[in-house]
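> Work out the full structure: start from the sequences and follow the hints.
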Amino acid sequence: MILLHTGANGTTMLSLPRDSWVTLPPYVDPGTGRSYRAAPNKLNAAFSPGGTDLLVRTVERNSGVHIDHYAEIGFAGFVGVVDAVGGVDLCLDKPVRDEDSGADLLADCQTLDGAEALAFVRQRKQEAQGDLGRTRNQQKFLAALARKAVTPSTLADPSTTFPTLRAGLDTLIVDESTELPDLMSLFEALRKAASGGGRQLNVPVAGPDLRTSKGSAVKWDDPRARALFAALREDRPTG
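Quick note on numbering: this note's numbering labels position 119 of the sequence shown as 382, and the sequence is numbered without any gaps.
Worth flagging that the hints you see were computed from the coordinates, not collected in a lab. Backbone N, C-alpha and C fix where the C-beta goes; we use that ideal spot for every residue, glycine too. Check each hint, because a few of them may be wrong.
[Claimed, not checked] With a straight-line Cα cutoff of 30 Å, these simulated DSSO-like cross-link-like pairs (lysine-lysine) come out:
#1 K403 with K482
#2 K477 with K305
#3 K482 with K357
#4 K482 with K305
[Unchecked claim] What follows is a set of in silico ranges between Cβ atoms, one per label pair, in the way DEER data are often shown:
#5 G270 with P467: 17 to 25 Å
#6 R499 with D367: 40 to 48 Å
#7 R496 with T374: 34 to 42 Å
#8 E362 with A302: 29 to 37 Å
#9 G460 with Y333: 20 to 28 Å
#10 A302 with D371: 43 to 51 Å
#11 P289 with T374: 42 to 50 Å
#12 P467 with G337: 27 to 35 Å
#13 E335 with E362: 25 to 33 Å
#14 D371 with G294: 41 to 49 Å
#15 D438 with R300: 21 to 29 Å
Rendered as structure tokens:
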């Protein structure tokens with residue numbers, strides 16, 4: 264999960280680890296009609312019982328940041344968007360091999376197709392920090408995808424531009440107000456975050472292996488996280 268903020272002080276791309284230990288707000292299970300009180304759990308646990316609405320409310324409750332728009336992409340959609348732009352250029356400083364994700368990439372600059380890109384952003388076992396390492400890979404790749412999507416050569420070629428945008432809208436789950444210009448704004452914001460017009464961050468973490476009733480979780484560094492979220496809310500510099 265990535266919280267993307269745009270404002271007067273540039274763009275901030277903030278990853279929220281899926282195992283973050285947070286408080287889920289009260290909700291009603293749509294399948295059973297049963298009501299649940301607010302309770303601590305992992306961030307990704309919000310999605311199964313409450314879908315998009317509960318996930319967004321959970322992020323808002325724990326960050327204090329209002330979410331204006333939501334976008335979600337599945338595996339097939341991810342592959343489709345990457346292939347629609349003709350692949351994404353990425354430079355790796357070490358080889359990436361992971362049997363579970365299928366990643367098998369050289370330590371070099373290369374163009375990844377959709378399947379290779381999906382394997383890259385999913386792999387985490389070779390990352391020393393597990394999911395925290397994977398979030399950095401995801402940010403790096405999304406920035407590279409955004410750069411490719413808004414290059415002059417891509418924008419000037421309707422045969423590339425419109426399939427890219429259409430692939431995005433056809434495969435993304437988005438809020439009702441999202442249209443083609445909004446998707447271009449999203450790509451542009453991601454590009455800025457990686458090109459000097461913003462920052463790519465992980466939420467400050469105090470410990471990656473907090474023991475909980477739900478298993479191992481990621482504990483945020485609360486004072487630093489609160490300061491970071493306050494800066495986003497007030498549109499102040501984040502560092």
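> Against each hint, give a clear statement of whether it holds in the structure.
Here's how the hints hold up against the structure:
1. K403 with K482: Holds, at about 23 Å.
2. K477 with K305: holds (8 Å)
3. K482 with K357: holds (29 Å)
4. K482 with K305: Holds: K482 and K305 sit about 10 Å apart, inside 30 Å.
5. G270 with P467: 17 to 25 Å: holds (20 Å)
6. R499 with D367: 40 to 48 Å: holds (43 Å)
7. R496 with T374: 34 to 42 Å: Since R496 and T374 have Cβ atoms about 39 Å apart, the given range 34 to 42 Å holds.
8. E362 with A302: 29 to 37 Å: holds (36 Å)
9. G460 with Y333: 20 to 28 Å: holds (23 Å)
10. A302 with D371: 43 to 51 Å: holds (47 Å)
11. P289 with T374: 42 to 50 Å: holds (47 Å)
12. P467 with G337: 27 to 35 Å: The hinted range 27 to 35 Å holds for P467 and G337, with Cβ atoms some 29 Å apart.
13. E335 with E362: 25 to 33 Å: With Cβ atoms ~27 Å apart, the hint holds.
14. D371 with G294: 41 to 49 Å: Holds, at about 48 Å.
15. D438 with R300: 21 to 29 Å: Check passed, 27 Å falls within 21 to 29 Å.
When held up to the earlier numbered hints, the structure conflicts with none and fits them all.
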